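Asker: Starting from the given sequences, assemble the full structure and let the hints guide the process.
Those protein sequences? They're chains A and B, same order as listed. Its first residue numbered 0, the first sequence is counted upward by one per residue in numbering that gives the first Met the number 0. Its first residue numbered 0, the second sequence is counted upward by one per residue in numbering that gives the first Met the number 0.
In case anyone wonders, no lab produced these hints; they're calculated from the structure. Keep in mind that this is a model prediction, so the values were computed, not measured. We put the beta carbon where it would ideally sit given N, CA and C, even for glycine. If a hint is listed, it holds; no wrong ones were tucked in.
Partner residues are not named here, just some residues of chain A that face chain B (Cβ under 10 Å, in silico): (1) 33; (2) 56; (3) 78; (4) 79; (5) 100; (6) 107; (7) 122; (8) 124.
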Amino acid sequence: MRMLAFLPLLLAACPSWTPLRQTAQCPEGYVPIDRARGEFDGRAISAGGVVIAIRTRKNEQEASTEFWTQVITKELTELQGYTVRSSKELHGGRAILFSAPQERMTSYYVALFVKSTFVITVEIAGPQAEVERDLPRLEAYIGTLKLS
Amino acid sequence: MRWSILLPLFLEACVAMPEEAPPRGATDLAPLESVAAAPRDPESMGNQARSSRDEKGAASAGPAQAPAGIATPPEGDRLVIYSGSLCLQVAEPEVAQKSIQALTKEMGGWIQVLDGLRLTVRIPARRFDDAFESLLALGQVIDRRVTGSDVTDEFHDLRLRLENSEKVRLRLSAILEQAKNVQDALAVEKELARLTEEIERLKGALARMQDRISYSTIAIELRRSLPSRPSATGLPFPWVRQLGLRSLFHFENQP
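Answerer: Below, the structure is given as structure tokens:
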């Protein structure tokens with residue numbers, strides 16, 4: 000049996016992989032949205048309307064961080080109309096900040112952490128001013144998850 | 000008449016320290032009609048403290064004897080020069096350019112620079128916020144900056160130096176009338192000429208500063224947004240397509 004089969008168990012066993020399910024696991028000022036695991040590993044929201052979410056995907060191609068960065072950037076900019084505002088290294092991964100199409104005051108941020116067999120994304124989105132204000136502490140929070 | 004008679008006046012004219020000036024409003028200066036170099040919005044004169052970006056139009060009502068054209072803000076108000084810059088991504092820059100021109104006119108401002116996709120507009124300070132917000136709505140904001148420069152002390156210093164110089168000039172004129180010989184008259188006239196030049200320079204500096212206070216400057220850079228490509232060029236990674244706002248903001252209890 001491949002390691003992938005154990006992935007859900009591994010994820011469940013490690014507290015840092017199931018954040019955003021209880022208020023105590025959320026960044027300060029955020030509360031969980033999804034109590035049960037669904038599309039997201041965890042998702043939380045602030046009173047200001049900023050959402051932070053974590054998802055885990057299979058990296059069947061065993062592609063690199065650079066590869067997925069390019070794919071995500073292409074998808075969001077060329078196909079969905081987002082605009083890249085900044086891109087940087089973050090805690091061993093890659094973080095990209097976008098402006099949303101049509102919604103000029105909305106920011107979308109995705110941090111990407113690539114393992115050989117899976118990819119973890121941390122997405123943050125909300126009103127631009129709120130995202131800009133919260134981003135430093137949310138990035139610090141991401142650091143505490145030790146995703147890389 | 001000897002040079003020693005003029006010396007105290009020369010020194011006063013040269014130094015013209017603010018401490019020597021009478022209290023604001025107690026001056027007997029001639030009106031300075033030439034101060035206004037740019038179109039003026041009477042409501043914004045002296046209201047540049049914008050301590051709140053509010054509408055304190057009454058701030059321009061300085062002391063009754065203040066020089067005309069030089070607004071005297073109430074004590075405690077600050078004089079701030081606001082300027083902003085923004086970079087917008089728009090589908091049709093030409094359309095956005097026309098919108099900016101119309102907006103500027105509507106706000107009571109004017110276009111200072113129009114250079115391809117770069118524009119600089121001047122907007123009455125009291126409408127800076129409204130104008131900036133309206134400009135942001137014209138496209139996707141790539142970058143935006145707003146700065147405020149407090150020039151209260153500099154403004155008052157210039158104004159007091161001008162008042163002092165005007166006073167000294169009046170006194171020199173009186174001395175000139177009493178000159179008993181050509182040599183004395185020439186000496187006084189020479190100093191009067193220098194002082195007049197200094198007064199004009201100070202008036203110009205004040206006018207420029209007041210213009211910058213009364214009218215905020217906004218620099219705009221327009222960028223043409225690239226057209227979206229058809230989704231046929233998408234890559235075969237379904238999970239990547241789930242990224243974005245739509246799924247992130249989908250809540251199960253939504254209708």
